[in-house]
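Each chain is listed here by its residues.
There are 2 protein chains.
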Amino acid sequence: MKVLMCVPNISEGKNLVFINKIAAAISSTEKVKLLEASSDSDHHRSVFGFLGEPDQVLEAVKKLADLAIEGIDMTGHRGDHPRMGAVDVVPFIPLRNVTTDEALTVARSFGEYLGSKGVPVYYYEDAATVEGRRNLAAVRKGQYEALQAKLKDPAWAPDSGPAQFNPKAGATAVGVRFPLIAFNVNLNSKDLELANKIARGVRHLNGGYRYVRAIGVNLTELGLVQVSMNLTNYLKTPIHRVMETIRSEAARYGISIAGAEFVGPVPLNALEELVRFYLQAHDFSVNQVIETNLLE
Amino acid sequence: MKVLMCVPNISEGKNLVFINKIAAAISSTEKVKLLEASSDSDHHRSVFGFLGEPDQVLEAVKKLADLAIEGIDMTGHRGDHPRMGAVDVVPFIPLRNVTTDEALTVARSFGEYLGSKGVPVYYYEDAATVEGRRNLAAVRKGQYEALQAKLKDPAWAPDSGPAQFNPKAGATAVGVRFPLIAFNVNLNSKDLELANKIARGVRHLNGGYRYVRAIGVNLTELGLVQVSMNLTNYLKTPIHRVMETIRSEAARYGISIAGAEFVGPVPLNALEELVRFYLQAHDFSVNQVIETNLLE
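Protein sequence lines, in the order shown, are assigned to chains A and B.
Per our numbering, residue 1 is the first one in the first sequence, and the count goes up by one each step.
Per our numbering, residue 1 is the first one in the second sequence, and the count goes up by one each step.
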């Protein structure tokens, strides 16, 4: 079984009837499984996470695009989260028996579909056509409001679709990326600066691990602080190494770890190296997990 | 999806043509997945591990029984492993969305099938009808050679089938049990007595954990000793607790753990508590593992 995941973000986070309609369109696609649909009214944005065979996933995300392009008008869109289009960002994530190349084929096919609908498309991360478009933040810089001028700049000619501002739909970033793991570690401390200090220690930006993004967060209700992280490549920067670095950095201030959590889904593969490290089971393979035999 | 596992042991470990025929019969059963088929000529015994929907698993194990009853003659069977029948022991293991009661229904149905073929059947472990038949070793005590006398004893009247010795097929133990995990921990030592001392510390027999069977083993080629274990209920005696007890007991002799291994399949559920413990991820659930969404 091939499994591709897709996590599109659209610029509508308030109209729940509309959002549910999109969720239903995804769910109604044969052999596509909708894992999450979450909306934020402050961000005025919704995220849908779903997976299935590559062809079916492509079919589902086209349905989402049709509805979003028809129903969302970016003119006057306000929200706290950076955005540049009705269909704002569409990452495809190869999960199981899908190569990056296969995911790229789906991403390009979707990009061409959006382009044919008059939406300028930029490919990012592993789908980027030039190095300067790899980073999503760089692609989205200036957001929707900058698009009109940006599209006149030959350096920002879209990868698909017209080099012409589409006021209603804006533009879309379409990418292929590794599965991301949201992992938070709670510290027995109320000192936010401590959490930030440790976050800086593990994150790429400040000299930490290459595939870690991290910030310190106050958990006021729990009376704790947290190192909140995105692990963007669990194969190259494994979870246990980040965990143990946080443990050792916290210990130098006499602070212990109170707990940890994964936010959202975790690929089974990410547990392989955890088991290998903590049980010293050097040859452990997720293929030994009985359930993998049921997946094919 | 309901998933029942079955791990029948038959008293033939040399005739590979015959053994392969049985494996093929299991594999050819619709929606049944054969995970392992291993034979030991010294034991003169083969083990088949397969899984699927309960009805299909029942169908597959009936095929195995037909072939084994027809092709194996227990008269004159010799092997190092305790045995009492052509179809020697048949445990059913509820893995996923299958209750113990559902597994019991399948086990009873299979027991009646064997009984109708003239094979005396004893139910053991969770299928036992009386406490004295819970333990497989007690049921099989005296082995094949004791059956003729045993069947005349009203206390050993079979749970299914005739109370009459069947020289060709012997008798069969049919049970329902929790998934067993074979887990070994290697110690940086050549001292077998040390491994045995630690094995005694963790195993039920000598005051250790209730669901641990353990022995010390010499790994001559590696120049190490091993605590070799069966964990018979990973929910009640979790893997990490056994691991950490071995670590602390070894440490008192200045010995460290060199590595560990799972032999054979591991249920996904068994990884849940591992992740919770080692990452202090108290609320982690295997439902967060993306692949579980593909299983239903």
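Treat the hints with care, since some could be wrong.
Heads up, the list lumps identical chains together, so a pair's fine if it works in one copy or across two of them.
[As the list claims (entries may be wrong)] Once the Cα atoms are required to be at most 27 angstroms apart in a straight line, the calculated DSSO-like pairs of lysine-lysine come out as:
#, residue 1, residue 2
1, K197, K14
2, K197, K2
3, K2, K31
4, K2, K14
5, K31, K197
6, K2, K33
7, K117, K31
8, K197, K168
9, K152, K21
10, K62, K117
11, K236, K197
12, K152, K31
13, K14, K152
14, K236, K2
15, K197, K33
16, K117, K197
17, K31, K168
18, K141, K2
19, K197, K63
If you are wondering where the hints come from, they were derived from the structure by calculation, not from laboratory data.
On a predicted model such as this, the values are computed, not experimentally measured, just so you know.
To see whether the hints hold, each was checked on the structure:
| no. | hint | verdict |
| --- | --- | --- |
| 1 | K197 with K14 | neither (36 angstroms within a copy, 65 angstroms between copies) |
| 2 | K197 with K2 | neither (41 angstroms within a copy, 48 angstroms between copies) |
| 3 | K2 with K31 | both (11 angstroms within a copy, 19 angstroms between copies) |
| 4 | K2 with K14 | neither (34 angstroms within a copy, 39 angstroms between copies) |
| 5 | K31 with K197 | neither (45 angstroms within a copy, 54 angstroms between copies) |
| 6 | K2 with K33 | both (13 angstroms within a copy, 19 angstroms between copies) |
| 7 | K117 with K31 | within (26 angstroms within a copy, 44 angstroms between copies) |
| 8 | K197 with K168 | neither (43 angstroms within a copy, 74 angstroms between copies) |
| 9 | K152 with K21 | neither (35 angstroms within a copy, 71 angstroms between copies) |
| 10 | K62 with K117 | within (11 angstroms within a copy, 59 angstroms between copies) |
| 11 | K236 with K197 | within (23 angstroms within a copy, 39 angstroms between copies) |
| 12 | K152 with K31 | neither (41 angstroms within a copy, 58 angstroms between copies) |
| 13 | K14 with K152 | neither (32 angstroms within a copy, 77 angstroms between copies) |
| 14 | K236 with K2 | within (23 angstroms within a copy, 36 angstroms between copies) |
| 15 | K197 with K33 | neither (40 angstroms within a copy, 51 angstroms between copies) |
| 16 | K117 with K197 | neither (47 angstroms within a copy, 73 angstroms between copies) |
| 17 | K31 with K168 | neither (32 angstroms within a copy, 50 angstroms between copies) |
| 18 | K141 with K2 | neither (34 angstroms within a copy, 49 angstroms between copies) |
| 19 | K197 with K63 | neither (44 angstroms within a copy, 64 angstroms between copies) |
The structure shown violates the earlier hints numbered 1, 2, 4, 5, 8, 9, 12, 13, 15, 16, 17, 18, 19.
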